[in-house]
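Asks: The primary structure of each chain is shown beneath.
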Amino acid sequence: MTAGVEQAGVPQAASKAGAARVLRPALGLLLPIALAVLWEIAVRMGFSNGRLVPPPSVIWNTFADLAATGELQQHAFATIWRVAWGFLFGVLAGTILGAIAGYSALTYRLLDPTLQGLRAVPSIAWVPLFILWFGIFEASKIILIAVGVFFPVYLGVMGAVLSVDRKIVEVGRVFRLSGLAMVRRILLPAVMPAYVIALRAGLGLGWMFVLAAEFLGASTGLGFLLIDGQQLGKPAQIVAAIVAFAILGKASDWLIVLVSSPFLRWEDRFARA
Amino acid sequence: MLVLDRVGKTYPNGVRALDGISLAVAPGEIFVTIGGSGCGKSTMLRTISGLDPPTQGRVVLDGTIITAPHEQIGIVFQEPRLLPWLHVADNVGFGLEGYPKLERRMRVAGALDRVGLTDKARVWPRELSGGQAQRVAIARALVPRPQVLLLDEPFSALDAFTRADLQDHLLDLWADLKPTLVMVTHDVEEAIVLADRIMVLRAHPGRVYEEIACDLPRPRDRQSAAFDFVKRRVLAALDRSLDRGAPTVEEGETRAAAGGGLWW
Ligand SMILES: Nc1ncnc2c1ncn2[C@@H]1O[C@H](COP(=O)(O)OP(=O)(O)OP(=O)(O)O)[C@@H](O)[C@H]1O
Ligand SMILES: [Mg+2]
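Which chain is which? The protein sequence lines are A and B, in order. Sequential numbering from 221 applies to the first sequence in the numbering used here. Sequential numbering from 447 applies to the second sequence in the numbering used here.
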């Protein structure tokens, strides 16, 4: 009797869960789509001429035109390429220095004051210097992005290593783990959740800094599209570039979440219905 | 044979937690330490475990002086301290890295079976109840088959029923391999249910106050007159150990509120 009820219930529950998995992210699209539709209607009905804030259909056409000529892909790729390299270097440096500063009190005292001092400098202030040092081409842009990515990753990793629970480390000591085994079996998994958050924060800054870098002289990239749209008075191109930034930023963030989620399944998170 | 030879411990902040503790625990003996809060019970276990070596005297296990964690000494803390990123089975097998895979799997399965958690092998620690988690912690400590197992108030966070249940579990596990158990508790009945010998520790600084043999036949009946007799002896010794001269008014009040004698 009970078994029969359960058997009937299981596939139904499973399909419900499957539908929920598709629908829940879709929920997040509701607001932007509703706003877009409202604006489209407002322009079509003549409440606004839509010259300064182009309606979605115009933006879509701009997108399509840019994509047809291959311009969109070229600019998006240039931007992605810069962010990817800047992110890589920033994460490498931030992870290594953050881990060392968190692990060793001496390194912390030696290193942290300097880095905190540098952090206090608004990063855009480095631009003239980087251009002098590394030229106006890719190197200076990538280094600027790396600087932006570096600080949140450094702070996140250092904080995570510092706050690893002494009680858990003692478990490792009781089982006589060597230094390397301690890092691999206790410290690394323990800092993983905070590390992912630091990476996401770093990536967010990476997208911010690529724009700054491209504003300051570039002939490719989504930032160039923005400036170009401003100078030629093409608001649709500006909005198209902004939308492209939003999509790329969200997609790259989602990629980090996706890649890291198998390592974080153990986390006891506040579950929201 | 586990020997403490005039062990003393002064913490870097100047607190003298242990002073001249000398004792010998025979292989397979269940040795229970009891005493007021802050009298140095945890400190004593930590010196034996090698996590916090003594500042005077020495801890010797079968001729080896213990100054760092030793493979023959396991420890269960007051909290389970399971690693949240490992499944229950991997937590139990944590100390078996380097063993052949098959042996590891067999030992883990055996240990989970002994603590009645076979069905929880593939579950995250966060999905366990407090009592289940502590059973996993005991299994993890026992699975490398240490000669000595230290237990620091392992059941103090659990309700009375679960505690009695786990005491039985512990005795079962102990009967398998007969490790030496050195346990700290502040529960007098728990001490008498488990112990071959009970040591009362006195505070400021931690010193051996009295040793009481406890050779009732097992399994022990908490209702028996003999049990009650030992209990009275232990309570009396504890009471005396807690007396630091005449009790202050405040102390007397706290005691009365807690129902006499058991104010720690
Ligand atoms: N890491 C430490 N640094 C300095 N002093 C400490 C440290 N740990 C414990 N002490 C001090 O040593 C004394 C003994 O502490 P310990 O934890 O061994 O007591 P305990 O008998 O286990 O008490 P409880 O029953 O409350 O757990 C206390 O006075 C305590 O304040
Ligand atoms: Mg204690």
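Just so you know, the hints here were simulated from the structure itself, not pulled from any lab data. Mixed in with the good hints, there may be bad ones.
As the list claims (entries may be wrong) - To list a few chain B residues with every Cβ distance to chain A over 12 Å, as calculated:
#1 A472
#2 R492
#3 S495
#4 P515
#5 E525
#6 R527
#7 H533
#8 R586
#9 A587
#10 L604
#11 L619
#12 F675
#13 A682
#14 D685
What the hints assert, rightly or not - Taking lysine to aspartate or glutamate and the EDC-like style, the derived pairs with C-alpha atoms no more than 20 Å apart in a straight line are:
#15 K624(B) to D498(B)
#16 K387(A) to E475(B)
#17 K387(A) to D661(B)
#18 K387(A) to E656(B)
#19 K454(A) to D661(B)
#20 K547(B) to E525(B)
#21 K454(A) to E291(A)
#22 K677(B) to E656(B)
#23 K387(A) to D565(B)
Backbone N, C-alpha and C define an ideal beta-carbon position, used for all residues, glycine too.
Asks: Out of the numbered hints, which ones does the structure contradict?
Replies: Violated hints (numbers, rising): 2, 3, 4, 5, 6, 7, 8, 9, 15, 16, 17, 18, 19, 20, 23; every other hint is consistent with the structure.
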